[in-house]
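Work the whole structure out from these sequences, hints included.
Residues per chain are reported as follows:
Protein chains: 4
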Amino acid sequence: MNYALLQGKKGIIFGALNDQSIAWKVAERCHEEGAEFILSNAPIAMRMGELNTLAEKTGSEVIPADATSTEDLEKLFDAAVAKFGKLDFILHSIGMSVNIRKGKPYTDLNYDYLQKGWDVSAVSFHKVMKMAWDKDCMNEWGSILALTYIAAQRVFPNYGDMADNKAFLESIARSFGYYFGEKKVRVNTISQSPVMTKAGAGVKGITGFFNFADHMSPLGNADALDCANYCVAMFSDLTKMVTMQNLFHDGGFSMVGVSQKVVDKYEEEL
Amino acid sequence: MNYALLQGKKGIIFGALNDQSIAWKVAERCHEEGAEFILSNAPIAMRMGELNTLAEKTGSEVIPADATSTEDLEKLFDAAVAKFGKLDFILHSIGMSVNIRKGKPYTDLNYDYLQKGWDVSAVSFHKVMKMAWDKDCMNEWGSILALTYIAAQRVFPNYGDMADNKAFLESIARSFGYYFGEKKVRVNTISQSPVMTKAGAGVKGITGFFNFADHMSPLGNADALDCANYCVAMFSDLTKMVTMQNLFHDGGFSMVGVSQKVVDKYEEEL
Amino acid sequence: MNYALLQGKKGIIFGALNDQSIAWKVAERCHEEGAEFILSNAPIAMRMGELNTLAEKTGSEVIPADATSTEDLEKLFDAAVAKFGKLDFILHSIGMSVNIRKGKPYTDLNYDYLQKGWDVSAVSFHKVMKMAWDKDCMNEWGSILALTYIAAQRVFPNYGDMADNKAFLESIARSFGYYFGEKKVRVNTISQSPVMTKAGAGVKGITGFFNFADHMSPLGNADALDCANYCVAMFSDLTKMVTMQNLFHDGGFSMVGVSQKVVDKYEEEL
Amino acid sequence: MNYALLQGKKGIIFGALNDQSIAWKVAERCHEEGAEFILSNAPIAMRMGELNTLAEKTGSEVIPADATSTEDLEKLFDAAVAKFGKLDFILHSIGMSVNIRKGKPYTDLNYDYLQKGWDVSAVSFHKVMKMAWDKDCMNEWGSILALTYIAAQRVFPNYGDMADNKAFLESIARSFGYYFGEKKVRVNTISQSPVMTKAGAGVKGITGFFNFADHMSPLGNADALDCANYCVAMFSDLTKMVTMQNLFHDGGFSMVGVSQKVVDKYEEEL
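Chains as they are written, first to last, in the numbering used here: chain W, 1 to 270; chain L, 1001 to 1270; chain B, 2001 to 2270; chain V, 3001 to 3270.
Everything labelled a hint here was simulated from the structure, so no lab data went into it. Please note that the accuracy of each hint is not assured.
[Claimed, not checked] In silico DSS-like links for lysine-lysine, alpha-carbon gap of 25 Å or less:
1) W:86 with W:75
2) W:102 with V:3265
3) V:3130 with L:1183
[To be verified] One side of the interface only, derived from the structure: several residues of chain W facing chain V at Cβ under 7 Å:
4) 110
5) 112
6) 113
7) 137
8) 163
9) 171
10) 172
11) 179
Bear in mind the structure is a predicted one, so any value in this text is a computation, not a measurement. Where is the CB? At the ideal position from N, CA and C, for every residue including glycine.
Here is the structure:
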């Protein structure tokens, strides 16, 4: 697809890691639609990733930044302003829970880990917007997006403290979105279906949940490319008056109480 | 239990049919808590029911009324006012879908049936409140409740057009609740877990769904007696400033995206 | 703007009346984006309108249909199928309250008027989708939209029984959207800011409310053209996995508890 | 009022400061209803407060604890268990934003202050529940409550980063509530109207907002005593199956889009 929807628009995309990342797909689609952007990720994540491949493919520059570091963000935004002047869009696709990584259950959180995950997954979004605010570097009708998950509204065991972080993230979007209104800039979150990665496929805990979500969604789980297309729509001039919203991109999952497929499964044994 | 929470309070309870009805349990509990009330149900429903047993047990009068009929409601409210003076509480537990009874799927609704179900299940609540409004017969700090189901927010296949009726009902509660504020009367809906009836037990489509709901609810499905207790709390003076709310009484179902039990079921086969 | 986003797409647009109608703007924008469509409105509304001007401008055919009439809808859909084969999009922008027109307050609804408004404003959406379902005339990844208002969630006095109708309409979108998932068709509602019309400007009750909404919205009230752009995005292939959602297009109104402008107004007198 | 609703129940009440505190009223009402409890507050807050008066009045013990300190909480819970055996209820009424105290606007948060406020206002609730979980000291059908504010859902300027903290707090209630289901313990939040304090009365920024909220609420703003009554209902056995909910106790504010009083104010000048 190429509609030139983002022709002439400039931005920063945080969080592309490899070709299964949503942010990676967003970068590819933004490039196809005519946008120019800087790719950024945490230095530590980049060492594991293949971001340079994406940078070449999309004619982008890579500028590493720890999004929890005001210093790193300042350098990144200074470089972005030097290159582009003002910005039209920002994607925040950053999240990580140390408690989950370390296998700490929700009832036994380590509070240092909690703080680290909160800082990375949620506060970083405030830091990014504050930097854009301080530099006054968003064009009018610019669009800022963060990716989130429905665990912010309902409990999914094993999503652990990321649920609370996502709730904080979504609140930041509303709170800062209120102020960015003055500058005619919109701020929203997209609440995306679970996306299966190579690492997750076949893992019992992940596959069972993924299949349940797919069975509950009338259109099935939305994939990373679909999500990238939705991000393009939200960065485009077609959605200028949508702000402070949490937008479910999930094949209908959020609005289903139970699907026939799930009921059927529960009736098999009867 | 008996806390005398409703000592001296007077009301009308619509919709008790037999001892499995929520309204039946509400009547029993209101009686235990010291309330006096009139029991009302549609003449056609009463012929099938055992309402007189309940009336004797609770020292209540039965006054039949088709809640879609302004004439019937006028007689009922006139009798209530003659007996009690002003009222403190009303319970609306009325719902019926002709489309579901006749086995019409949601994609093939009969629109006459739709209108009939809408009138019985939703508009009747407006008619009841309008009658109370016109007679100006609610005491200050009175409490009006209707029972509803989460299908008003999320889709449950086979709940069919009742979902849309419940959405309308909940909107009526908010809309009329706004105006009843002037009279210091509150209006709320309680969104209750599915309740298994003798008729439903063992029926494949019903049992599977009931078990799913139970597995998704951290406290399990709430039963009719629990619901009656919640109604007592909402009729009491402890909840005077709660109005226009839809209150989930569901063991947590509404706030769970997936439970471990459900994931486990999905992983059995992997 | 013209991105050819809807190139080759075919649809039906209900509810354009004059150049202040949102549906009118949607038609203009869909035309610019390459879509072909039939314009439809109630015969009685069309006599007052200037729909032929729009039809000429957009190369469209006008087919009158009372959207509450299955017969009219059948003729319309037969004509659409004859002309286009399958359809890609439908816009439902139809709403009317007899009670409001006749000045009946919410606490004194006429129930015949209520039923008429419900049928026109809400049930018509089911009838339209049922016709599309029966004819099996939606292409995969087709998109069905209805316009709604936040009165479905919160009370706005004077919006009266339209609030309840919109709640029913939004529930229909979810319920039918669940089933349309099988056909890979999405169904959503857009909850739009109030739009000032020539008729409303200067009228006390309307202007005060419009200004309040504008003051509460960080981006101000969204206008009809903005809404049309959002509809284009929702009809396009960029939003294929968004379904059963109620999407606020309101400059942020829905997510503001109070704005500084409103607080300032409340503090003037202190 | 005294219904002996909490006869024999034991608990801990966090956050009573002076006779205008909601927690203070909760303590008084719980005492009247027959409960026994420990009063706890941060040592630093207690030096300013009059907690001993309340302790005497209610026959309670005061045990200071910084609710962000696992060590303090452990001592507190050990003392509670020693005194009461198992517990039936806990109230968390703790919140503080350093950014607001220091006058830092939301667009210019100090991130150390943010973390401190987050820890005090939100994480402390997790710490309290984790301690109760680890000690396994909640009776079946126990009830845990935290107080919150609608800023978690919608923006109120000047509520600043407390909005994000409250969103995190409410998410904790859901997340931990899911797990406490296993133990038949419920966890909910009550979202309370603004309460005017002596300090706030007459202050321009506060009074204007308080009056707006009052004008938007059909029953007016709920006061601290009303809130205490609602807490009693939620601690009682009448609400055993309500869990993971955020319960608005606000005179209807949350469900009003605009009130006639507010529209009238906006029309005065027209």
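Evaluated hints:
1. Taking the CA atoms of residue 86 (chain W) and residue 75 (chain W), the gap is near 15 Å; set against the 25 Å cutoff, the hint holds.
2. Taking the CA atoms of residue 102 (chain W) and residue 3265 (chain V), the gap is about 56 Å. The hint is violated against a cut of 25 Å.
3. Between residue 3130 (chain V) and residue 1183 (chain L), the direct Cα distance comes to roughly 44 Å. Violation of the 25 Å bound is thereby established for this hinted pair.
4. At about 11 Å, the closest approach between the beta carbon of residue 110 (chain W) and any beta carbon in chain V exceeds 7 Å, and the interface hint on this residue is violated.
5. Taking 7 Å as the C-beta cut-off, the interface hint given for residue 112 (chain W) is violated, the closest approach to chain V being about 11 Å.
6. Interface restraint check for residue 113 (chain W): the shortest CB-CB distance to chain V comes to about 12 Å, outside 7 Å, so the restraint is violated.
7. The beta carbon of residue 137 (chain W) is not positioned within 7 Å of any beta carbon in chain V (closest approach about 14 Å), and the interface hint is therefore violated.
8. Interface hint at residue 163 (chain W): satisfied, since its Cβ lies 5 Å from the closest Cβ of chain V, which is below the 7 Å cut-off.
9. Annotation: residue 171 (chain W) was flagged as interfacial toward chain V, and the flag holds, the nearest CB pair being 4 Å apart, inside 7 Å.
10. Hint status for residue 172 (chain W): holds, given a least beta-carbon distance of 6 Å to chain V, under 7 Å.
11. Taking 7 Å as the C-beta cut-off, the interface hint given for residue 179 (chain W) holds, the closest approach to chain V being about 5 Å.
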